[in-house]
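Same order as they appear, the protein sequences are chains X and P.
Letter by letter, the first sequence follows residues 1 to 454 in full-length UniProt numbering.
Letter by letter, the second sequence follows residues 1 to 454 in full-length UniProt numbering.
Calculated from the structure, these hints are not laboratory results.
Note that the structure is predicted; figures quoted are calculated from it, not measured.
Possibly wrong hints are sitting among the right ones.
[What the hints assert, rightly or not] Derived list of chain X stretches under chain P, where covered just means 3 residues or more per stretch with a C-beta under 8 Å from a C-beta of chain P:
| id | region |
| --- | --- |
| 1 | 103–110 |
| 2 | 370–380 |
| 3 | 422–429 |
[To be verified] Below, in silico cross-link-like pairs of lysine-lysine (DSS-like), each with a Cα-Cα straight-line distance of 25 Å or less:
| id | chain 1 | residue 1 | chain 2 | residue 2 |
| --- | --- | --- | --- | --- |
| 4 | P | 76 | X | 76 |
| 5 | P | 402 | P | 6 |
| 6 | X | 6 | P | 76 |
| 7 | X | 13 | X | 76 |
| 8 | P | 76 | P | 6 |
| 9 | X | 407 | P | 76 |
| 10 | X | 13 | P | 13 |
Where is the CB? At the ideal position from N, CA and C, for every residue including glycine.
2 protein chains.
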Amino acid sequence: MTEQTKFLLDESKLPQAWYNINADMPVPPQPVLHPGTLEPVTPDFLAVLFPMSLILQEISAERYIEIPEPVREVYKLWRPTPFLRARRLEMALDTPAHIYYKYEGASPVGSHKPNTAVPQAFYNKEAGTKALTTETGAGQWGSALAMACAFFGIDLEVYMVKESYHQKPYRRIMIESYGATIYPSPSNNTMYGRALLADNADAPGSLGIAISEAVEAAATSGGAKKYSLGSVLNHVLLHQTVIGQEALLQFEMADEYPDVIIGCTGGGSNFAGFTFPFIHKNLTEGKQTQVIAVEPAASPSLTKGIYTFDYGDTAQMAPVVKMHTLGHTFIPPGIHAGGLRYHGMSPQVSALVDAGHIEARAVKQLDTFAAALTFLRSEGIIPAPESTHAIKVAIDEALAAKESGQKRVIAFNLSGHGHFDMGAYESYLHGRLEDYEYPAEAVAEALQHLPDVS
Amino acid sequence: MTEQTKFLLDESKLPQAWYNINADMPVPPQPVLHPGTLEPVTPDFLAVLFPMSLILQEISAERYIEIPEPVREVYKLWRPTPFLRARRLEMALDTPAHIYYKYEGASPVGSHKPNTAVPQAFYNKEAGTKALTTETGAGQWGSALAMACAFFGIDLEVYMVKESYHQKPYRRIMIESYGATIYPSPSNNTMYGRALLADNADAPGSLGIAISEAVEAAATSGGAKKYSLGSVLNHVLLHQTVIGQEALLQFEMADEYPDVIIGCTGGGSNFAGFTFPFIHKNLTEGKQTQVIAVEPAASPSLTKGIYTFDYGDTAQMAPVVKMHTLGHTFIPPGIHAGGLRYHGMSPQVSALVDAGHIEARAVKQLDTFAAALTFLRSEGIIPAPESTHAIKVAIDEALAAKESGQKRVIAFNLSGHGHFDMGAYESYLHGRLEDYEYPAEAVAEALQHLPDVS
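Pulled out of the complex, with its shape left as it was, chain X reads as follows (with noise of 0.2 Å):
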């Protein structure tokens, strides 16, 4: 054990730019839809909702697109993570497998999410944005969000779906720490939440409950307020490019190349801002590395849902893509891992499922979190629910190379620590733990909801 465990980049190396995948793909990118035409939307439509820039990241063709300064010198704060070769775990393991994996719970907030939440608040900043909403489910957008928009003095309003409000107190003050309002949802700030409410005061809500509230609430506000999204668009995946990108210099340090590279998938933003960078050299520069998303079975759109157009959210006020879905309106079961608690999936994340160049896998709650006491009992680092569904694949790949003898590079994106989950991990330590079977009925049922595009 005396050779190099962490890769570490000078923040000199911290990316230029962000890799934009639609300049790449090899199917043709699907229009976005409005919800209430369903007709392709015009950018007057989203501008109601997102900044120009945004917008322009969104539907732009260009590879890469540069970061601006002001948001690489907050990167800095955190950026690049580390990348570390995990020995312990190999031999843990007793494999001959290389495991290494790329920790964004590094940063201030203990995920991934700042790397789209800083860009986000400062391209607002730039346009005039005084205010801006959200949603969030577990708490780690909103948190992310809320640190941005403290450094770029923006006010933020966050929908938290009430469940999560109540059980996860922590993340909850956190964002209020970084000085944002935060709001139950259903709430009573707007009409859709209004209307949930008369039906039944206590509804535990739902993302994309939340979804449609946040974006009620910037689309009403006759322009004082836009609206920020934490996954899913386009130009969210490629802001978390960075991730891939360091991992790809870092792997250079390591003197390897990746076999095989996971990430859990929720809307798509951590696996594709780790993979997508990869999948960029499989396509133009003949790489073979296999690249596999990992969703919960509770939950699996990539594999059990239907490619098709669907609604973002709940209540149709959010715009229509092409994209595996479980239906707008599935509410999936109460799994630990809320990150990934999504009827939908990223429309770039799910044309890439589709065309072949990625894997889905569906892993249930138990196992992820079997795989994560092995993990953090020899790496040190308690994983995000969300985390672990990365790691249980891992190990799995890393097993199947014992099996078979081969000395197999395998890499995962940690995509944030566990420290606000404990609560899941006491679940699991004493045996309380549900597994959810996959929910068939209910995706069949809300699979009849899907929109009529023809």
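We have chain X already, so just place chain P on it with the hints.
Only chain P this time, still in chain X's reference frame:
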């Protein structure tokens, strides 16, 4: 803002040796006394609790003690830690001062504690120890030692102050996740614990009591268990000097040298780890860096205590040392900085304060949280309540520099993140956080019970 923000060291620059300030102490060391006889202890007495390698480090006069390779290999999971210039904080304060901080929250458990937990587990493993006992207050030390014991395959029994055990469940679960067993203290496991519970079944416990229980559990195990302490003792302090040694190299990268360095002090370990390598240069190379130890006004051993011999624990089972003490029966008020709630202080830190090489300041809880908000809204990282004490004085110094128009170079140790302490932030944000006055009467009473050392 184009100058460097973050100074990273490659793992090849990880220190090869720990620095032992006993070699440079300007005053002769005071003997460690047996708690029963109040005569100087023999190694035999200490050998019941500690492996000989750690006892030899405790009394060593060697300036440098080589770090074993297996310990360095584990350190590389997160060390060297980042060193940052707080440019955004400087701008927020509009100060000509340059503010730097060393970030120990980058460890897997979020604090500096693994720096000594790992070598203590390693030396115990080498000596054949199968099981360790320890105490923990808020849980930073317990989680660090639990991780280290998981790495080296040692069983661990943690006595956690009962009030924290119930109020801070996340740290408790973290300790369990690494595989350790944890008991609320006072417990029924020890004679001392049973006696306290017989007196008051709802006794909330204290750090001094938990130390007594952990010491008793080891001392009465017939050699089956050793004991491990997370602060105060010299071998603990010297393990922490990796912090300051790295910071010295990182100051070279920044091409600056500090005018003033600041750390928070409870038992003294993070403070000593950060400052002793700089004090070495003050003592031996004519440097004149001002060194400030910051303690809570509610538990002010250095600024209000007596420099004399006292017991390290409540039940008078731990060795008696010469230190600044508020009396071993004093139980500090319930401030959120649980790691600073201790009646005594490291003998080395105490002697250096007494000899005028370290300046001590006491600060109030509300002021530390106000400073924390200023910091986190500029720099992103949410500091642990302990670390907020150092930040408060760093900001005071930066504002004094602004007042006097001096460009001072200020550095502090950010000993950990506050992701487990958001409850304290909630109380502060909602105006429910108390400020504790200096508990003069309780201290006066406790100081009646000092041992009679002639």
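>> Flag every earlier hint the structure violates by its number, smallest first.
In response: No numbers; nothing is violated.
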